[in-house]
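Asks: Hey, can you work out the whole structure from these sequences and the hints?
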Amino acid sequence: MLYKNVIIIILCCLTFSSNSQNTSNWFEFSPTEHINESVINMKGWMDAPAGNHGYVINDGNNLKFEDNTPVKFWGVNISSHDVFSTNQIADQWSNTLATYGVNAVRFHKFSHPGMLDSVSTQLKAGSYDNMDYFSSKLKEKGIYYGWSPIYGHLPKSGDSTKLLAYKEIANANISGHLKNSTIGMVNFAADLQDLHIELFLNLLNHKNSYTDLKYANDPALIFIEIQNEDNIFFSTNENMLSICPTYKHLLTRNFQKWLKNKYGTHQNLVDNWGQSAIDWGLEIKETNWHLDSINITPITNHGIYGYEYEKAIKNNESLPTFLADMSYYLFELQGDYYNKLTKAIRSTGYRGHIISSNWQAGSGIAHYHNLYADAQQEIIDRHNYYGGGTGHTLIPGKMNNDAMTTIPGSGLLGTGMQQVDDLPFSISEWMSLIPNEWTAEGAPIIAAYGMGLQGWDASYAFGSEYPTFTPALQQPNQYWPGIYNVMSPTQLSLYPALARMIYNNDVIEGDNISKRYVNILDLQKGKLNFDEIIKQNGDVKIFEGLIPSQALAVGKVTVEFINYNKKTEVPKLSSYWDKSSKTITSNTNQLKWNYNDKGYFTINTPCTKGVIGFANCKKIKLENITIQPKTEFATILISSLEKSETINSTKRILVTTMARAQNTGMKYNSDKTELLEPGTAPILLEPVSLKLVFKGKKINRVNVLDHCGNRTNQVIKHKRNKVSIDGKNTKAIYYEIVFE
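In the numbering used here, the protein residues as written are 1 to 740.
Among the clues, some could well be false.
[To be verified] Quick list of in silico lysine-lysine cross-link-like pairs, DSS-like style, CA-CA up to 25 Å:
#1 728 x 598
#2 695 x 722
#3 621 x 691
#4 598 x 314
#5 579 x 619
Think of the hints as simulated: they come from the structure by calculation, not from any bench.
Replies: See the structure below:
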């Protein structure tokens with residue numbers, strides 16, 4: 001049956017109930033098969049085939065295709081052990097992603113041994129065929145893809161003759177799970193770099209048997225990432241160097257040459273560094289440093305740079321000269337590595353983006369040297385996570401159950417503090433992690449404030465390890481039950497509404513509210529003209545300093561690298577930040593963040609309206625719509641279903657709702673600071689209730705949709721322009737409203 005004048009509303013809610021764990025009125029998440037008439041189906045929004053507009057290129061700080069078509073990528077990671085699965089699973093995966101509006105995939109960690117031949121630089125024939133098929137199906141559906149093949153490239157015995165010290169590498173072990181890894185050392189060791197180059201060249205020169213194109217010539221391949229979560233300031237580098245003395249000697253010998261070229265004699269070195277530097281760190285080095293001995297190994301642990309930087313800024317001083325020298329030397333090595341790999345990749349004819357790496361380097365000088373090295377490429381890419389508990393698994397233990405809505409600009413959005421002026425920005429890994437109860441806030445924050453207000457260009461949530469919704473909140477995985485899960489209802493179910501918002505460019509990019517100016521010459525000397533501390537706990541990063549995180553809720557925040565002195569000023573936020581009412585309005589007037597108590601924010605654009613957070617019983621008045629949630633925490637999104645129509649002019653609206661989700665039998669302690677029991681399938685959803693009032697529109701019909709957006713026989717009664725939705729009765733997350 002066809003419905004005229006229909007509006008679909010998508011609601012996502014989380015309810016907080018005073019530490020109660022009573023889920024008696026929650027309902028089981030029961031996804032069904034999608035049908036072609038599914039109201040939420042996004043296949044009609046996919047611009048297929050991928051690559052039909054040419055390669056993706058930069059347009060200032062935005063992305064566009066070669067034919068000048070602008071683009072934003074709303075994507076996911078696929079990073080299971082066998083990334084390129086069987087044809088049947090590839091069909092299922094690509095169909096699911098297209099249905100939910102995903103237009104890009106980051107293929108991650110596919111140079112691991114299970115995918116490889118007898119050497120680490122060549123995939124098995126079967127792996128190539130699976131890669132070819134999967135890539136061709138994505139391309140066919142209008143889904144672009146990028147490569148992140150290397151996370152701790154693991155040489156095999158067949159590579160041993162190409163390496164300076166294969167046996168040392170074979171004994172290297174990072175974090176207990178990356179044995180014989182090249183992490184850290186690849187940033188300065190030419191032989192390891194050559195191994196990476198060989199892998200990239202083999203991949204790019206391989207012809208896809210289904211598209212009849214070399215990957216280097218396929219514009220559907222939008223980026224290649226040189227190295228995942230690594231840089232020359234990596235915190236584990238010291239351990240790697242202690243295990244691999246041949247590579248440590250290589251780094252030390254080359255640094256000695258650099259120092260001799262700069263200072264000439266040991267006495268001149270002492271005069272510039274100071275005797276205290278020569279004596280520094282006796283507890284972690286065997287002897288005092290001396291320029292005539294090969295014993296000055298540059299410090300590669302960003303934690304030491306951060307510690308010394310914090311001491312320096314408390315005393316209004318620069319970083320000690322010896323650390324400034326070391327940081328600059330490592331920065332040069334990092335840049336040489338990226339340039340070498342970029343030149344090799346370009347030699348294949350590949351014209352897409354090249355990403356250096358995506359991992360920051362602590363605070364201060366090391367951080368900005370690392371960011372500046374990344375800025376020499378074509379796009380800045382970063383990772384961030386929020387929430388979670390003990391380790392990478394859903395196991396009993398302490399947990400973070402704070403909501404990001406409580407502090408504007410906190411959590412995932414804080415990643416934007418690393419956006420560089422006049423360059424595109426990507427967040428290629430992120431997730432709001434279980435057992436945190438408020439995970440349904442994460443994707444709307446990234447979509448509205450990140451991709452919208454901050455003008456980010458690409459997002460790849462981590463991760464999609466399963467081709468459909470997962471039976472429980474965590475990802476099924478042969479190694480661990482992963483908490484990084486896009487394929488749960490609090491994430492993927494929101495994508496049809498969020499993807500529409502992004503592809504319509506509903507949320508306008510804000511004016512730049514703040515720039516931090518980094519003088520490149522001062523950076524070389526260990527100086528910054530502003531204070532900033534970055535706190536990192538595992539994957540989670542928090543920025544504190546001259547620019548408050550709340551600025552990210554007002555307008556665009558960037559870093560600009562310059563070669564002269566220019567003072568970074570505290571942004572003037574008073575016109576947008578009402579501290580008495582605890583509200584922050586974006587400089588586009590489309591987003592408003594209320595941080596009273598646990599907080600909420602609203603979206604008020606032509607094609608999307610919404611409220612996300614703790615707004616129970618509040619009447620949220622937006623343009624021509626009033627939303628009144630009746631659930632303590634809820635994500636409620638109202639979307640026009642017609643591409644060319646606004647909510648005011650459309651005949652069909654989608655309402656999406658989501659609240660808390662739990663596994664059956666999931667238990668917390670009384671104050672929700674500890675997970676007691678992870679529970680099992682099936683997933684239970686907290687019902688969302690609300691009242692909607694439309695101005696100037698008359699409702700014809702309100703259809704209840706099933707959990708995959710198909711129409712059911714259930715209809716909700718309404719009064720002219722008003723409707724009350726009771727999630728306890730409907731047991732639904734999607735609704736379609738049809739107007740007269």
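Asks: Now tell me if each hint is right for this structure.
Replies: Tested hints:
{"no.": "1", "hint": "728 x 598", "in the structure": "holds (24 Å)"}
{"no.": "2", "hint": "695 x 722", "in the structure": "holds (9 Å)"}
{"no.": "3", "hint": "621 x 691", "in the structure": "holds (12 Å)"}
{"no.": "4", "hint": "598 x 314", "in the structure": "violated (33 Å)"}
{"no.": "5", "hint": "579 x 619", "in the structure": "holds (21 Å)"}
Hint 4 from the list above is the single one not met by this structure.
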